[in-house]
Amino acid sequence: MRRLALLPLVALALGCAEDSVASLTEGEDPAAMSVGETRTAELRYLRLDVEGFKNELTLEELRAMPRSILQDVWLADLDITQLMVNSLEKLRTLSDEEVAELGEPARNMRRLLLFTPDNAVLDGTKLEELVALSAAVGIPPAKALANLFGTEVTGEFIPPQVVAEVMLDLVVGSHPNAQFRRGPVDEEHPDGMWPVAPRSVPLTLADVITNFEDMQERFGPVGDHPGFVSEAKGLTVIEDDFRMTTRVNANALPFKGLDLTNASVASVNSIAAQIETAHDYSSPDWIEIEGLVDDPRVERLTFTVLEDDAWVPGGDAREPLPFGNSPAWDLNPWIFERLISQMAQVKSLEVPAHCDSYELGTGAEAFRACIDDTGWVELTTFNDVGSPPPPAYLWDLDLEIAQVRLHDGGLSEGEADIELTIKDVAVGVSPEDLIEQTRKNLELHPEALAEFASLITDSTVGDADFYYYRPGVEAPAADQADWLFFVAESDLRLDDEGNPVRDYAYDAPGFWADADLREKISSADEVDGDELHEKVRIEPGDVLYVQDDEGSVFRLTVGDKPGRSRVTLEITRVR
Amino acid sequence: MSHAMKIPAAPVTLATLMMIAVGCGGGGSMRASGDAGDAGDTEADGGDAGGSDSGDGEDPGEFGPEETYELRLNEGPVPPLTLQMNQAEVAELFGDKADEVLLLELDSTPLLTHTLDQIKTACGDAWQNDDPDPHHDCSLTALGQSFEGPDGTWRTSPEYAMVRLLTMTPANVVVAGTSSQGLQELADVLSDLGILDDYSQILSDALGIPRTAPVVSTASLVESFQTHFVASHPNVGPDAKLSFTLGDALTNLSTLVDRYGPMNGHPGVVDPDFPVYGEVFGPDFQMIAEAESNLRLVDGVDANLGKGFMSVVVDTTGPTYDDELEFDFQDPERFSLTGIIEDLTVDLRFRLVEYDQFVPSCTGNPPCPQNLPGAPESTQSVWARDEWLIEYNIAAAAHLDYSRRVYAANYLLGSAEVLIGQAGLPPGWVHYDVLFNLGSPPEDQYLWETVLEVGQVALHDTPFSTFTEGQADVAFTLHDVPVGITGSEAAEAVRPYLQEQASDLSDFILGDYKKNNDRVDFFYRRADDGNLYAYFVAPSDRPEGDSYDYEAPGFYSRSDLDPSRKVSDTAVPGLTDTEHEKVRLEPGETTVLYFADDNGDVYRARFELSADGSVADVHLAPEL
Chain A
1 MRRLALLPLV ALALGCAEDS VASLTEGEDP AAMSVGETRT AELRYLRLDV EGFKNELTLE
61 ELRAMPRSIL QDVWLADLDI TQLMVNSLEK LRTLSDEEVA ELGEPARNMR RLLLFTPDNA
121 VLDGTKLEEL VALSAAVGIP PAKALANLFG TEVTGEFIPP QVVAEVMLDL VVGSHPNAQF
181 RRGPVDEEHP DGMWPVAPRS VPLTLADVIT NFEDMQERFG PVGDHPGFVS EAKGLTVIED
241 DFRMTTRVNA NALPFKGLDL TNASVASVNS IAAQIETAHD YSSPDWIEIE GLVDDPRVER
301 LTFTVLEDDA WVPGGDAREP LPFGNSPAWD LNPWIFERLI SQMAQVKSLE VPAHCDSYEL
361 GTGAEAFRAC IDDTGWVELT TFNDVGSPPP PAYLWDLDLE IAQVRLHDGG LSEGEADIEL
421 TIKDVAVGVS PEDLIEQTRK NLELHPEALA EFASLITDST VGDADFYYYR PGVEAPAADQ
481 ADWLFFVAES DLRLDDEGNP VRDYAYDAPG FWADADLREK ISSADEVDGD ELHEKVRIEP
541 GDVLYVQDDE GSVFRLTVGD KPGRSRVTLE ITRVR
Chain B
1 MSHAMKIPAA PVTLATLMMI AVGCGGGGSM RASGDAGDAG DTEADGGDAG GSDSGDGEDP
61 GEFGPEETYE LRLNEGPVPP LTLQMNQAEV AELFGDKADE VLLLELDSTP LLTHTLDQIK
121 TACGDAWQND DPDPHHDCSL TALGQSFEGP DGTWRTSPEY AMVRLLTMTP ANVVVAGTSS
181 QGLQELADVL SDLGILDDYS QILSDALGIP RTAPVVSTAS LVESFQTHFV ASHPNVGPDA
241 KLSFTLGDAL TNLSTLVDRY GPMNGHPGVV DPDFPVYGEV FGPDFQMIAE AESNLRLVDG
301 VDANLGKGFM SVVVDTTGPT YDDELEFDFQ DPERFSLTGI IEDLTVDLRF RLVEYDQFVP
361 SCTGNPPCPQ NLPGAPESTQ SVWARDEWLI EYNIAAAAHL DYSRRVYAAN YLLGSAEVLI
421 GQAGLPPGWV HYDVLFNLGS PPEDQYLWET VLEVGQVALH DTPFSTFTEG QADVAFTLHD
481 VPVGITGSEA AEAVRPYLQE QASDLSDFIL GDYKKNNDRV DFFYRRADDG NLYAYFVAPS
541 DRPEGDSYDY EAPGFYSRSD LDPSRKVSDT AVPGLTDTEH EKVRLEPGET TVLYFADDNG
601 DVYRARFELS ADGSVADVHL APEL
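So the protein sequences, as listed, match chains A and B. The numbering of the first sequence is my numbering, which starts it at 1 and goes up by one. The numbering of the second sequence is my numbering, which starts it at 1 and goes up by one.
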């Protein structure tokens, strides 16, 4: 497995230092220390800097890695706007046979989305009579509607872009798994949940190498949300020759520490700790991803939109601003009526305030349609012929039309939940864009790679409670000393599935001045760029106390330094 | 001769087109360009693109990509236009056109009768007593109180003088200053002696009217005023009927001043210095009118701009066949007026002017027996004066009263005779034969000439003032004069008038419907033979004043638009339309045509009709 790619280097380093470390007891499994027992250990800070080390992972190798680790390697928030637009375009161009395969609600929805002033069917709506009489007095209804809606006679009432954006904002944007993704824990994200970019879904390395195999599960029903993908098949993002190559500049050797339980020497992978500097982001080839398909596509994608089980009336008042009083605005964001209202509202705000007036030959105003800059529409006719609807927001009118049309074919309220299946639709993101996004994101958040990097170097041995660290000459002068770092959760050894082999079960992580662990003498203050670990500077003669993950307390007495990067410790279990 | 090709409406594949082209034979060949839907063509019969005969090969044109437009027949039912309007809405609907909507033509008799009745009683009705003194007191009535002469009283007003004239009876007649004065004096002297009837009685007998009856009857005055005063107004017809338009009704008749005020020398039937007022529509007035629209929406294409729309008139109901709207004002279910004021009256000022000089009576035989209305014997004759003058109308009224009067009486054992229409002279011609010409009787003349003389004198010499000639113009301000029809009668009476104008009303309301038409190059419709056609737009489809810039209107079977390749015709058997170039299309088939738009750019149009023809997908490609 390529995850071991650095191991030869490690072995080499170890080999070079064979004499120096022979006295260490790494790999041995001595008996657990008893209370009052004292042992001595020597720790060395080993360093083997590699530069531009090319770490290449094939698809097979990646797929063999623990999925949980890969799932935490966030690459990008994938903007699926174009996927939605492409899906709508596909929907538009379905063949008659494909349309026939759709369910009645889906057919109605499709027709609705394709409505233009020219082909709109307004039977059964408040506009029906008005439209019929419009033609009777020589006013082409399509022109009147087009003027009112600020579009061409053959232009959609709600353009696909608006449909897509609203679907993304409301349906996708309200889905828990499209709102947050897992990421590193930091001060701003103490729960490790990071917001996902609007109109996007998070894309991890796991998604890439699995061709999004769990999309249906991930974006299906979650909690109250009914999900927006009820079926996703055949999403093809990568090809078989996919490979990911990174170039690493780092100390390849692990840190040396102690497992206090039995005072054994253990190794802690150092790559994660160096992840901030492990890659030369100024080099364009610090990461290379090959084998992404040129035109990622989804073989079969089914969107789900639920309707409210009851008729939702349009509003009839301006207040509350800015949407009015239709109950549609109180519905869950994924409900059809709410979506239509929102789509129409978005479109309406693109319509400039204006009035259209149509006069009879005598000069009498036959029909007047006005919309103001808030979307409020007033339709008046001479003598109220055609029974124009009362003033309302444009989206209130749209809502009624949409609901009527959605139930064409005799569907009752509640029977028109929509499942729109689109076949062979392009995702709409080029591999170049995806790589570029990934590169930028990882540059900004290299910590996302920490665990992954640890995994592929796999140099953690044993279960150290702390380790010895000696900053190099490139570190600030104040930091150039001997330090003991208490392990962090991310330092724990991983099993083959990428899961920690043990819990981070420390009641009092850090180093203390007393056996009762009352006076902490360590801190997480930055040392050589590290702000994660509890750490303490040591000098010969120092005495400090520390508790292991089993609750035992040990006294550490720093002995004389055998060398510049070497310390000796006398370990006594005191409790 | 037409030249077009019809092919099945199934998806047009290149292979299909090739097969058709080959099948058409005739030595032609089919060219298939790389762009979608490129079609060749064959020839077809004139006006019917379906009758292919000899194909003659591929079209030489190169065409760009196609744009597709869906044209529908729009054959759904058109709802009737139902208006239920109050007065303001009626006014709004018709606007200025309301003045052109004739509601009624009213006989002016009642109006004039009521007018004259009011005038005659303006100074009381004591004049109807058998009393030489008519006891005029104009302060008794509102009308009389409006009389005002130079001294600020009615007594010096010309209106009073006119009342005096109109209320002149044999009993109260005053002939002082006339040619009859001597005769009156003689008669009255002899009467005082008890040997002769008084002058009033003699006059009463001679005229054949009671002593207390007006010398000139109201009926005759009305007829005279109708025939001469009213009918001579430029805006009144010979029948002297007064027209009332919707505009009049909507403005409470105020517009009558404009129509019946002074015009072309006529002083006006009504005085423009006083606003005519008569409420016609009550507060609950309502006009309900229902009309069927004959406008039909058709879908078309402007090759430059895309899909467009037009309205066309499809009128199958006579008597006219080009109406946008079909009214039936005779049908109470489809038209009604309610809320018209039942007691229709009018306030107006009735103004009469006199001739500026005394108009002498025509006396003597000859020539005066021939001096009759319409045949003045001289330029001095009253019949040579304008018909709207007071003198003319008084004389004409008297003529009406006495033109058939024949009478003979002798007094004092035959020493005096009054002979009217005797000795072969025409009726109304009076001859006084008095011994020794005692009393200086008037010369022979018609009775109406006498009335004219007495009337003029009466008008200018009243007990209170004297008017010089030309100063006795009168204007009576009248209120609540019944117009002679009730509101409910009017509501019914308007029906035939409106029905007569139904076509005009349609034009008023929707006559400019073409302003909403797009400038499409062609449109798709079902013609009156029931078949489907592509109509090339014609000049009449454009709004008035719009240009029509097609150099080669019509459809062609080749993009060179050679006249011999025209497949459309204006005249198609079975169709009444002869203006539009049109081509018949068949449901379920595809027809390829070529045309040039109003920019001169050539296009190929593939008309692909659905099986039932309700939709035609037109695939339009510009020639490159």
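Because the hints were derived from the structure by calculation, they are not lab data. Accuracy of the hints is not assured; some may be wrong.
Simulated crosslink set (DSSO-like; lysine-lysine; CA at most 27 Å straight-line) [to be verified]:
1) K90(A) x K440(A)
2) K514(B) x K143(A)
3) K143(A) x K241(B)
Among the chain B residues that face chain A by a calculated CB cut under 8 Å, a handful are [stated by the list, open to error]:
4) L73
5) E75
6) A88
7) E89
8) L295
9) N304
10) K307
11) F309
12) Y432
13) F464
14) F467
15) G511
All C-beta atoms in this analysis are idealised placements derived from N, C-alpha and C, irrespective of residue type, glycine included.
Evaluated hints:
{"no.": "1", "hint": "K90(A) x K440(A)", "in the structure": "32 Å, violated"}
{"no.": "2", "hint": "K514(B) x K143(A)", "in the structure": "14 Å, holds"}
{"no.": "3", "hint": "K143(A) x K241(B)", "in the structure": "48 Å, violated"}
{"no.": "4", "hint": "L73", "in the structure": "13 Å, violated"}
{"no.": "5", "hint": "E75", "in the structure": "11 Å, violated"}
{"no.": "6", "hint": "A88", "in the structure": "10 Å, violated"}
{"no.": "7", "hint": "E89", "in the structure": "5 Å, holds"}
{"no.": "8", "hint": "L295", "in the structure": "5 Å, holds"}
{"no.": "9", "hint": "N304", "in the structure": "14 Å, violated"}
{"no.": "10", "hint": "K307", "in the structure": "5 Å, holds"}
{"no.": "11", "hint": "F309", "in the structure": "4 Å, holds"}
{"no.": "12", "hint": "Y432", "in the structure": "66 Å, violated"}
{"no.": "13", "hint": "F464", "in the structure": "55 Å, violated"}
{"no.": "14", "hint": "F467", "in the structure": "50 Å, violated"}
{"no.": "15", "hint": "G511", "in the structure": "5 Å, holds"}
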